[in-house]
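**Student:** Which chain is which? The protein sequence lines are A and B, in order.
Using our numbering, you'd call the opening residue of the first sequence number 1 and step up by one each time.
Using our numbering, you'd call the opening residue of the second sequence number 1001 and step up by one each time.
Source of the hints: derived by calculation from the structure; they are not laboratory data.
A hint or two may mislead.
[As the list claims (entries may be wrong)] Quick list of in silico lysine to any residue cross-link-like pairs, SDA-like style, CA-CA up to 20 Å:
hint, chain 1, residue 1, chain 2, residue 2
1, B, LYS1257, B, PRO1274
2, A, LYS20, B, HIS1154
3, B, LYS1269, A, LEU198
4, A, LYS334, A, LEU316
5, B, LYS1269, A, LEU208
6, B, LYS1175, B, HIS1154
7, A, LYS176, A, HIS124
8, B, LYS1175, B, LYS1269
9, A, LYS80, A, ASP102
10, B, LYS1257, A, LEU208
11, B, LYS1269, A, LYS80
12, A, LYS203, B, LYS1269
13, B, LYS1257, A, PRO265
[What the hints assert, rightly or not] Covered by chain A, according to a simulated footprint, are these stretches of chain B (three or more residues, beta-carbon under 8 Å):
hint, segment
14, 1016 to 1028
15, 1187 to 1195
16, 1209 to 1223
Even for Gly, the Cβ is constructed at its ideal location relative to N, Cα and C.
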Amino acid sequence: MSTENAILTVRNLRKYFPIKGGILGKTIKNVHAVDGVDLEVFQGETLGVVGESGCGKSTTARLLMQLIEPDEGALYFEGKLVGSPELPLKAFRRQVQMVFQDSYSSLNPRLTIEDNIAFGARVHGTPAREALSRTHDLLTRVGLDPARFAGRYPHELSGGQRQRVNIARALALRPKIIILDEAVSALDKSVEAQVLNLLADLKAEFGLTYVFISHDLNVVRFVSDRVMVMYLGKVAEIGDAEALYATPLHPYSGALLSSMPSMDPDNRTMEPALTGDPPNPIDPPTGCRFHTRCSVVGAVCSQKEPTLTQRAAKHLVACHAHDPASGYVALKAKEAAE
Amino acid sequence: MTAPFLSIQNLGVTFTGGTRPVRAVNDVSLDVAEGEAVALIGESGSGKSVTMRAVMRLNPENRSKLEGKIMVGGRDVMGLNTRALSAFRGAEAAMIFQEPLLALDPVYTLGDQIVETIRRHEPISKEAARARALDLFDRVRIPSAKSRLDNYPHEMSGGMRQRAMIALALSCRPKLLLADEPTTALDATVQIQVLLLLRELQRDLGLSIIFVTHDIGAAVEVADRIAVMYAGQIVEQATARDLIRTPRHPYTLGLLKSRAHDAMVKGSKLDAIPGAPPDLANLPEGCPFAPRCFLADAGCRTGSIGIAQISEGHQARCRRLDQTALRDAG
Chain A
1 MSTENAILTV RNLRKYFPIK GGILGKTIKN VHAVDGVDLE VFQGETLGVV GESGCGKSTT
61 ARLLMQLIEP DEGALYFEGK LVGSPELPLK AFRRQVQMVF QDSYSSLNPR LTIEDNIAFG
121 ARVHGTPARE ALSRTHDLLT RVGLDPARFA GRYPHELSGG QRQRVNIARA LALRPKIIIL
181 DEAVSALDKS VEAQVLNLLA DLKAEFGLTY VFISHDLNVV RFVSDRVMVM YLGKVAEIGD
241 AEALYATPLH PYSGALLSSM PSMDPDNRTM EPALTGDPPN PIDPPTGCRF HTRCSVVGAV
301 CSQKEPTLTQ RAAKHLVACH AHDPASGYVA LKAKEAAE
Chain B
1001 MTAPFLSIQN LGVTFTGGTR PVRAVNDVSL DVAEGEAVAL IGESGSGKSV TMRAVMRLNP
1061 ENRSKLEGKI MVGGRDVMGL NTRALSAFRG AEAAMIFQEP LLALDPVYTL GDQIVETIRR
1121 HEPISKEAAR ARALDLFDRV RIPSAKSRLD NYPHEMSGGM RQRAMIALAL SCRPKLLLAD
1181 EPTTALDATV QIQVLLLLRE LQRDLGLSII FVTHDIGAAV EVADRIAVMY AGQIVEQATA
1241 RDLIRTPRHP YTLGLLKSRA HDAMVKGSKL DAIPGAPPDL ANLPEGCPFA PRCFLADAGC
1301 RTGSIGIAQI SEGHQARCRR LDQTALRDAG
């Protein structure tokens, strides 16, 4: 596999959203949306991103696209720093495109389907005629007949068809990476399967790299080569999809996976893996952010933040229980002795 | 078998507000026994929520046409007058919704909302009603229930709000709980907690539950029986076990096969159902699933398709069931 080539490298990405308050409208608190994320996306892979709402999946996606500016951190595309003279933002954006969850609000309702798709290419300097003919090719490629659909408006299409249009638009600039932020979540199950198949075909045909964000753990397992689990703005674990689903190392990943409804009527879930809701990202817990809900929490967990470290082949985890140097094991042994 | 607690017979709901009448529910019959949980699953627009709303008579009366019969606890819901209807809602049957933030009143505390509901239905003192509200909060496992009663909805997290709405729905001891996608907006780790809570309430209080969802997994966790809806009709219903193990309607088969699941081989294709659900204002003649069905023949495209009994409690609305039985065996 060619996976050892990082196409996109993220270093210490951080984004806080300020909450203003008081008479003077000063920043009183911050939402710790993404807090120090390090990440590599390898050439040709599908990286799945899972986590609960508020864990920073979507903020990470928007930061990768530079749709919002990070407070801190650097982004390298094919080894070049994004935003440097070597790789200006506009040139970078051409390489990375995004498909959003809401297929309707991400299209311009006043433009026809073909204008919606061709718009980006024209902004980036493709002649109108060429942009249009490429649009028709793309429409055919995503399974929409250009003769029937090119002249229609977004509201005249079904959700599944609109999401195909969004995928065609993302492809219009011939990007290398597509970020799919809950791109199939709003679709009905029977249509979702069609779109997932389409995405797999397009990936093979255009040699794409996907970052696939979803809350649907079954779908993520099916599409992803590697999976990243996020919790409250931090990466909890990242590893090979099958290995991570088979033996999750982080207690949160384990809990998340065992929260999936069982499909066996004779073997229904008896105990919830976790109790309570995820804490508020405005005031995240100290130390390890998961320690308030963790079933194997130790004394060190509330004091020291674990770092994301490699613990198995291509498998990184941020947990003191897997870090011999953290003092977790020694403390646990001491607790047991008492 | 005793008489079902809820019995829906040949229900039809047509919305007449727009330019063309929309046939949202078409000849739906469904029984729910006392203490039984039935899941209605289907895609958006398949008529599951409209069916539920019809039981509560929540569909706008002047813009919808109801046909058929709905009996709850031996009473005809269609025949209730306004006064009887408000006594029925809450005390006999209660409903919970997908988005508690929209269903709860934002300007009253949850304690006040529950007390008001109880006192609307029963002549008891404020203190007694508040004590019951506290019990309910404990019952649905809201931590530090006493102080939470004084919370406004926006002060709670999503999972807690959903628990509070369940408490509110249970405040007048209804026998039937209608749950409309109650866990869809929740995170995975919270969803499973609410599903288990519903199951526990069903067992402990002897509640009858109709649980509407588009997630088969959630349905399996909660329901004794599952009914699958497509384009306004129940196309198949059976016990959860039979439906998952031996589905017979081509739509149910397709739905189960198109799911990504653990046994999938990486890089393989999903077995997607082609096409898209039909427009309810312009339904095709015959079986509404025929245009997408791998078994459809000319006979499926005319007339109306009857319900066939497959085994005790297992029925499907399909005339090619002999073919799906063969598939199972093969």
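**Student:** It remains to establish, for every hint, whether it holds in the given structure.
**Tutor:** Taking the hints in turn, this is what the structure says about them:
no.	hint	in the structure
1	LYS1257/B <-> PRO1274/B	13 Å, holds
2	LYS20/A <-> HIS1154/B	18 Å, holds
3	LYS1269/B <-> LEU198/A	10 Å, holds
4	LYS334/A <-> LEU316/A	27 Å, violated
5	LYS1269/B <-> LEU208/A	18 Å, holds
6	LYS1175/B <-> HIS1154/B	29 Å, violated
7	LYS176/A <-> HIS124/A	15 Å, holds
8	LYS1175/B <-> LYS1269/B	45 Å, violated
9	LYS80/A <-> ASP102/A	32 Å, violated
10	LYS1257/B <-> LEU208/A	27 Å, violated
11	LYS1269/B <-> LYS80/A	36 Å, violated
12	LYS203/A <-> LYS1269/B	13 Å, holds
13	LYS1257/B <-> PRO265/A	17 Å, holds
14	1016 to 1028	violated (count 0)
15	1187 to 1195	holds (count 8)
16	1209 to 1223	holds (count 7)
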